[in-house]
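Participant: We have chain A; now place chains B and C onto it with these hints.
Chains as they are written, first to last, in my numbering: chain A, 4 to 273; chain B, 4 to 273; chain C, 4 to 273.
Just so you know, the hints here were simulated from the structure itself, not pulled from any lab data. Check the hints yourself; a few may be wrong.
Same chains, same names: a pair is fine if it fits in one copy or spans any two.
List of simulated lysine to aspartate or glutamate pairs, EDC-like, C-alpha gap at most 20 Å [what the hints assert, rightly or not]: (1) 89 x 22; (2) 109 x 61; (3) 237 x 57; (4) 18 x 120; (5) 116 x 61; (6) 109 x 120; (7) 24 x 194; (8) 116 x 57; (9) 95 x 120; (10) 109 x 60; (11) 109 x 23.
Fair warning: this is a prediction, and the values are worked out from it, not measured in the lab.
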Amino acid sequence: MFDGRMAQKAAENLKKLREEKPLVHNITNFVVMNYTANALLACGASPVMAHAQEEVEDMVSFAGALVLNIGTLTPYWIESMLKAGKRANELKTPVILDPVGSGATKLRTESAKRLIDEIEISVVRGNASEVLSLAHQDSRTKGVDSIHSVDDAADAAVILANELNTTLAITGAVDLITDGNLIYRVSNGHELMGYVTGTGCTATVIIGAFLAIDNNPVEATTTALAYFGFAGEKAATHTDVPGSFQTALLDALYTIDNTQMEEGAKIQIQ
Amino acid sequence: MFDGRMAQKAAENLKKLREEKPLVHNITNFVVMNYTANALLACGASPVMAHAQEEVEDMVSFAGALVLNIGTLTPYWIESMLKAGKRANELKTPVILDPVGSGATKLRTESAKRLIDEIEISVVRGNASEVLSLAHQDSRTKGVDSIHSVDDAADAAVILANELNTTLAITGAVDLITDGNLIYRVSNGHELMGYVTGTGCTATVIIGAFLAIDNNPVEATTTALAYFGFAGEKAATHTDVPGSFQTALLDALYTIDNTQMEEGAKIQIQ
Amino acid sequence: MFDGRMAQKAAENLKKLREEKPLVHNITNFVVMNYTANALLACGASPVMAHAQEEVEDMVSFAGALVLNIGTLTPYWIESMLKAGKRANELKTPVILDPVGSGATKLRTESAKRLIDEIEISVVRGNASEVLSLAHQDSRTKGVDSIHSVDDAADAAVILANELNTTLAITGAVDLITDGNLIYRVSNGHELMGYVTGTGCTATVIIGAFLAIDNNPVEATTTALAYFGFAGEKAATHTDVPGSFQTALLDALYTIDNTQMEEGAKIQIQ
Numbered sequence: 004m005f006d007g008r009m010a011q012k013a014a015e016n017l018k019k020l021r022e023e024k025p026l027v028h029n030i031t032n033f034v035v036m037n038y039t040a041n042a043l044l045a046c047g048a049s050p051v052m053a054h055a056q057e058e059v060e061d062m063v064s065f066a067g068a069l070v071l072n073i074g075t076l077t078p079y080w081i082e083s084m085l086k087a088g089k090r091a092n093e094l095k096t097p098v099i100l101d102p103v104g105s106g107a108t109k110l111r112t113e114s115a116k117r118l119i120d121e122i123e124i125s126v127v128r129g130n131a132s133e134v135l136s137l138a139h140q141d142s143r144t145k146g147v148d149s150i151h152s153v154d155d156a157a158d159a160a161v162i163l164a165n166e167l168n169t170t171l172a173i174t175g176a177v178d179l180i181t182d183g184n185l186i187y188r189v190s191n192g193h194e195l196m197g198y199v200t201g202t203g204c205t206a207t208v209i210i211g212a213f214l215a216i217d218n219n220p221v222e223a224t225t226t227a228l229a230y231f232g233f234a235g236e237k238a239a240t241h242t243d244v245p246g247s248f249q250t251a252l253l254d255a256l257y258t259i260d261n262t263q264m265e266e267g268a269k270i271q272i273q
Numbered sequence: 004m005f006d007g008r009m010a011q012k013a014a015e016n017l018k019k020l021r022e023e024k025p026l027v028h029n030i031t032n033f034v035v036m037n038y039t040a041n042a043l044l045a046c047g048a049s050p051v052m053a054h055a056q057e058e059v060e061d062m063v064s065f066a067g068a069l070v071l072n073i074g075t076l077t078p079y080w081i082e083s084m085l086k087a088g089k090r091a092n093e094l095k096t097p098v099i100l101d102p103v104g105s106g107a108t109k110l111r112t113e114s115a116k117r118l119i120d121e122i123e124i125s126v127v128r129g130n131a132s133e134v135l136s137l138a139h140q141d142s143r144t145k146g147v148d149s150i151h152s153v154d155d156a157a158d159a160a161v162i163l164a165n166e167l168n169t170t171l172a173i174t175g176a177v178d179l180i181t182d183g184n185l186i187y188r189v190s191n192g193h194e195l196m197g198y199v200t201g202t203g204c205t206a207t208v209i210i211g212a213f214l215a216i217d218n219n220p221v222e223a224t225t226t227a228l229a230y231f232g233f234a235g236e237k238a239a240t241h242t243d244v245p246g247s248f249q250t251a252l253l254d255a256l257y258t259i260d261n262t263q264m265e266e267g268a269k270i271q272i273q
Numbered sequence: 004m005f006d007g008r009m010a011q012k013a014a015e016n017l018k019k020l021r022e023e024k025p026l027v028h029n030i031t032n033f034v035v036m037n038y039t040a041n042a043l044l045a046c047g048a049s050p051v052m053a054h055a056q057e058e059v060e061d062m063v064s065f066a067g068a069l070v071l072n073i074g075t076l077t078p079y080w081i082e083s084m085l086k087a088g089k090r091a092n093e094l095k096t097p098v099i100l101d102p103v104g105s106g107a108t109k110l111r112t113e114s115a116k117r118l119i120d121e122i123e124i125s126v127v128r129g130n131a132s133e134v135l136s137l138a139h140q141d142s143r144t145k146g147v148d149s150i151h152s153v154d155d156a157a158d159a160a161v162i163l164a165n166e167l168n169t170t171l172a173i174t175g176a177v178d179l180i181t182d183g184n185l186i187y188r189v190s191n192g193h194e195l196m197g198y199v200t201g202t203g204c205t206a207t208v209i210i211g212a213f214l215a216i217d218n219n220p221v222e223a224t225t226t227a228l229a230y231f232g233f234a235g236e237k238a239a240t241h242t243d244v245p246g247s248f249q250t251a252l253l254d255a256l257y258t259i260d261n262t263q264m265e266e267g268a269k270i271q272i273q
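Same shape as in the complex, but just chain A (with noise of 0.2 Å):
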């Protein structure tokens, strides 16, 4: 069912965004740290990142929402993430994870459910593999190793987030975010997504942007996704390659205004 509240909460909370221009604290990976403080300026956030054991605790301490991913972790890497997500739950800032590549390597399974296990964070976003391999063997019994459909997914998701205490955001074509009672789905997006690196770990720092002013974690990362998707989609009518699209998503997340926002949301609630 098609959800217009949460249309018009996207454009509510994109429009708050630009106004209260909140500090994101990343604690990320090499590979998309450009991309992703450029994303952040496009929306109308403020990047940090920074990652030394002697200053996290005092950056996150500025920060609006705490951003994790484990994407080139290492262990000094994965303690430094454990240092300032403690110090933002003291402070009650919300912490987002992007479990990169966990259920691939044991380092990076063990890593994010370190990370789970010792921070309270408030929405995981992955893939359904990153995200599902979070689960415990007896969760995982019930629902995480026999999926064989979108739906199969969804159970796994509303059981892993009742496991975990968390939001979970399952990001695909359709992407899946649920608190372990509501369930909505967002269809914005584009395939060219696919062919730019590091646009999974843009939609997790949008999502960290949201959570730093709507604190209804499972509303404010749904409609960071329905902004993120309908960028994807706004840029896929200026360009159909690669290399210019990834320019052209900066753009259509700068331009996007609140009528178009929510009128491009794509949101339905099961």
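Facilitator: Relative to chain A, chains B and C alone:
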């Protein structure tokens, strides 16, 4: 007062840079490495990024200038900067410091101060709060803590340039450059530069390139900032959105010719 | 002599690459991570960047090729490259080395040599001074120290390829590829590629992608360089300035089709 001689010198420095193609050694942050390397190439200079403690002294010996930027600092990187900076001093190679975020965290402020204490630095470039955070307590009481206007900032910068025995560049809508004696102001630039990450860091590397071919720090800095700001103005004639602007700015650095530079420079001497 | 069979093979390899979409594991430098990841996506391959010693052996086991690039090396990263490279050797996964800056500093030269000594490397790609710096003293006396012409470089490369038992690609205005027996030359390319940072590193990752689908190293390398150089030529038909060229080069990697590739390849066998 408009300074026609400096406009002429901006054009001459640009010509010299393109002829001599100096190597600029950067120990800088992860976010801007790609963009600043491309900016140096677009100017006609040659970039190298190297930070291993085992090689920075070797690498800086080939360079015409050394750029130190603490944007994603850790203690290891600061040690590398100290090694490279000391070797640069022995070789009389100019060093420029970009104290990114100094004043925001203790690690950044202390690291920036340590670099200034232990290395002879030709130029420091940052925004007002970064640059003025470098003041010792005694000069702070004289100037830094009581900034209520642009003129106050200028007074504080003159005091601080004398205290630190260096040239300071405080960049913003109007850039202020002082060696503690002369004061230049550059009003080139465009507001879209604030929507591209690392434009401040890019200003710094261009100053680095100019220092490699002009041994007068205050003039090298002033002319470099006029060139970079003018490139921003040129880029903004091609686009009004930030993704495209990021690209157009590199294009403009490459295409500005000497005549355009001399006519476009907006440099005032106080 | 123009080699029509290799032009055909360039087209076939490109087709195969887009069908098989191999994963390319990169342990590379900070400057080019984003751009080379995007280049791999634009080609049709799939990039992963991972350098933690705890996971590189796991990660490389999923990959069709391993790219090692020492552009911003530290001893830690070299150890990671050794671990990944040895595991790749066990798995018969091809390894390509980009010895960025070898010959410039002792750390780089020694690290590159150590990688070649301890890992079986299918292809080394660099400029002439980087590649020829890898010679041992005895071969240096025979060839490397007496290069006065392109033909001398070719002679030195043949000697060195035999000594190192690998395929060498010396890229420049004309690329020279030899396995110590056959010698190919590729004259595709455009001078604007010299104004974009990391085009050499990008050539390397594209060779990596071709190695993943063609188990003949000298042919994979030659066809990859023809493809990349041809993409540079195509990009230069769209723009003559470097920022835009950087984008157009990704676009061209994506749009070149098999017919264009076969017609555009400028490959000669000696």
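Participant: Please go over all the hints and tell whether each is borne out by the structure.
Facilitator: Status of each hint after checking the structure:
1. 89 x 22: neither (28 Å within a copy, 45 Å between copies)
2. 109 x 61: between (31 Å within a copy, 8 Å between copies)
3. 237 x 57: neither (41 Å within a copy, 41 Å between copies)
4. 18 x 120: neither (34 Å within a copy, 45 Å between copies)
5. 116 x 61: Close across copies (18 Å), not inside one copy (25 Å); limit 20 Å.
6. 109 x 120: within (16 Å within a copy, 29 Å between copies)
7. 24 x 194: between (29 Å within a copy, 16 Å between copies)
8. 116 x 57: between (24 Å within a copy, 16 Å between copies)
9. 95 x 120: within (17 Å within a copy, 38 Å between copies)
10. 109 x 60: Close across copies (11 Å), not inside one copy (27 Å); limit 20 Å.
11. 109 x 23: Neither way: residue 109 and residue 23 sit 40 Å apart in one copy and 26 Å across, limit 20 Å.
Violated hints, listed in ascending order, are 1, 3, 4, 11; each of the other numbered hints is respected by the structure.
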